[in-house]
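Novice: Each chain, written out:
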Amino acid sequence: MKKLVGTLLALVMVLSLMTAVAEPLQLTMYFPVNVGGSAAALIDAMTQDFNAENPDIHVDAVYTGNYDDTVTAIQSAIQGGNAPDLFVSLATQRFTMADTKMAMPLDDLIAADPEGQTFIDDFIDGFMLDSYVDGSIYSIPFQRSTMVMYYNKDAFREVGLDPDAPPTTWDELVEYGLKLTNENRKGVGLALNSGSAQWAFTGFSLQNCTNGVGLMSADGKQIYFNTPENVEALQFWLDLQNKYEIMNKGIVQWTDLPTQFLAGEVAMIYHTTGNLTNIKNNATFDFGVCFLPAGRQWGAPTGGGNFYITNGISEERQQAAWKFIKFCCSTERAAQWSIDTGYVATRESCYETELLKNYYASFPQALVAYEQLQYAQPELTTYSAAEMWRILNDNIQAAVTGEMTAEEALEAAQEQGEELLADYQ
Amino acid sequence: MKQKMTKRARRETAIGWALLLPALLFMCVFTVYPVVRSIVLSLMKYKMGMDAPEFIGFANFTRLFGSSTFWKVMRNTVSFALMTVIPSMVIGLVLAMLVNRKGRHIGFIRTAYFYPSVMPMIAIASVWMFIYMAKNGLLDQMLMSLGLAPMDVLSNKATVLPAMAVMYVWRESGYLMVFFLSGLQSINSDVLEAAAIDGATGWKTFRHITLPLLAPTTLFISTIAFTNCFKLADHVIIMTEGAPNNASTLLLYYIYQQGFTNMNYGVSSALTVIMLVILLIVSVPRFFSQDRKIHYA
Chain S
1 MKKLVGTLLA LVMVLSLMTA VAEPLQLTMY FPVNVGGSAA ALIDAMTQDF
51 NAENPDIHVD AVYTGNYDDT VTAIQSAIQG GNAPDLFVSL ATQRFTMADT
101 KMAMPLDDLI AADPEGQTFI DDFIDGFMLD SYVDGSIYSI PFQRSTMVMY
151 YNKDAFREVG LDPDAPPTTW DELVEYGLKL TNENRKGVGL ALNSGSAQWA
201 FTGFSLQNCT NGVGLMSADG KQIYFNTPEN VEALQFWLDL QNKYEIMNKG
251 IVQWTDLPTQ FLAGEVAMIY HTTGNLTNIK NNATFDFGVC FLPAGRQWGA
301 PTGGGNFYIT NGISEERQQA AWKFIKFCCS TERAAQWSID TGYVATRESC
351 YETELLKNYY ASFPQALVAY EQLQYAQPEL TTYSAAEMWR ILNDNIQAAV
401 TGEMTAEEAL EAAQEQGEEL LADYQ
Chain F
1 MKQKMTKRAR RETAIGWALL LPALLFMCVF TVYPVVRSIV LSLMKYKMGM
51 DAPEFIGFAN FTRLFGSSTF WKVMRNTVSF ALMTVIPSMV IGLVLAMLVN
101 RKGRHIGFIR TAYFYPSVMP MIAIASVWMF IYMAKNGLLD QMLMSLGLAP
151 MDVLSNKATV LPAMAVMYVW RESGYLMVFF LSGLQSINSD VLEAAAIDGA
201 TGWKTFRHIT LPLLAPTTLF ISTIAFTNCF KLADHVIIMT EGAPNNASTL
251 LLYYIYQQGF TNMNYGVSSA LTVIMLVILL IVSVPRFFSQ DRKIHYA
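First to last, the protein sequences are chains S and F.
Here this note's numbering is used: position 367 in the first sequence is 367, and no number is missing along the way.
Here this note's numbering is used: position 83 in the second sequence is 83, and no number is missing along the way.
Please keep in mind that the hints were generated in silico from the structure rather than gathered at the bench.
Treat the hints loosely; a few may be bogus.
[Stated by the list, open to error] Below 25 Å or equal to it, Euclidean Cα-Cα: the simulated SDA-like pairs (lysine to any residue) are:
no., chain 1, residue 1, chain 2, residue 2
1, S, LYS179, F, PRO150
2, S, LYS249, F, LEU138
3, S, LYS249, F, PRO150
4, S, LYS221, F, THR69
5, F, LYS45, F, THR31
6, S, LYS153, S, GLY312
[Said to hold, decoys possible] To give an idea of the interface, some chain F residues facing chain S are shown, with a C-beta separation under 7 Å as derived from the structure:
no., residue
7, MET48
8, PRO150
9, GLU193
10, GLU241
Glycine residues also receive a C-beta, built at the ideal position from the N, C-alpha and C atoms.
In isolation and in its complexed conformation, chain S is listed as follows (with noise of 0.2 Å):
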């Protein structure tokens, strides 16, 4: 008997042993995907790619629905004492991210790595500028992205337009518009739905303002939404549905947008850069992709998802966490990562690399995003990030539907918003 009980111990103690040198760490990624594709299955890829190449670590990624639906995964798996040990979400969650301490700043990792600093001076500063809360580093880019138009050549050269000049200024956007509209098409299409309408509005806001300064202060605590020029900028929204009727009436959802355009129902779009895979492989026309048109001058918002590192993991967590988004971000995959879905390319070297010159010389739609980053700010960014948002968006949506006025829609907007910013002054 005491024989038996001490075999069966030192079997234990062997078989504990030997898990204990197996078994890798394990880490949990959640990420969103926001665009049409097969985004979920390369991000697999990838983290496979990871644990082949690093066996004393295993990532497993957890696809969470879109941007809101993993916020709320990671809020409640950390409630629930389960979180993640890093994710990516929006660059625009980074003041809720630190604010709320879901996400740890990466300065210490950052510092302690001999390539940190070379890891982050190669990052387009258009994208760095959306990783900091007070001068610390919360998030590092990842799948970036910018907004574009699309437009359908087809359709121009049918009604006489020139297919390789789209529009440039908001006149010609009504004038092509114009032209481009008959009984089964509209001319221009923006998604209006929450969640979008304040993505696209930061670009019109860019385009139209007189100081550089779009939507809010870049400390993410005083908003700007009043101005004369953002209500400008709203109205010519209600103009292109109401007055010259070139853009649907009521709101066009986000992902019905391609849907219409790729359909012929509409011949020039604002979206996503990351949906240009998409729209390429299943596009039966001939189609270009150009800057959004200027107001007084040229502007784009910048968007997209960048990685964070959840908050107060074990140390070696936190190493390993890093190591994985090194991975993720390096030249090599950085540049594959935006040809396989569109999303800009975020270091100067991706730039450099053949894989990606070759891709531009085979496909120059593909450069237009990167070209039109030097005139792209980031998107509408403060506290309280997914609150500021749904006010934006609820009173554009009254302009909209024409319960408001564009002034009285961005006045409620405005005071809204700052009764949600007052706990921050």
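Mind docking chain F on chain S? Use the hints.
Specialist: The following block gives chain F in isolation, referenced to the frame of chain S:
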């Protein structure tokens, strides 16, 4: 002798409690505890990231009562209830009368009417999106083929709630039908026969015999119908996310939004308490009428 009885009674009481215990435990964990915690949190300022909730009295409530969005949400919730409860009860009763008979295919017909209420709300909402979708949806396609303008019901503040109500009535009627059916079948056929002998027919029988005898069932059903329609959020998430400008935001969705999107647990708890009070008010008539005239046996 007397003592012995008491002992036995005591034992029976103990057994009674023992049998109740599992149910009680579940109720405490899943009902009593969350309710108490919501009440406590509703008096706190508590957002994600705060180390500890901070007591602020009724400030969450006063802030809500001063917010136009809150009142819009309450109006939406009440009008949605009015738009759905009575129609679905009337249709449910009519359906129950129709299928309250014997026949070869009656089982199939009952199942067909009941079927929508088996489907999850998310599936229903997704399917109805194909009907309501702007321009390409079934409704707008039908309108356009008749030469009418498309309505785009979901992005119009006047039509979005009625559109959702139609969908919900379609779902709920079959469910309420089952309760009415069991109510109808429990009516003693002697009474109906007596009425027939007295010369009552059709509408008269229905008005003076069936309807009064169905009163307890009807009260029960109205309680269920009211409480059910306050507990809806899924279809709002799928169909509109409250658009346009919160014209379709219902109370439960608003709670979800405050709690999970804005991460403001204090405010979302205060809203939960308001919802609890409403549900309590809705349930009161049934609670107090149990031994009154509406009861029969």
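Novice: Identify every previously stated hint that the structure contradicts and give their numbers, smallest first.
Specialist: 6, 8 and 9
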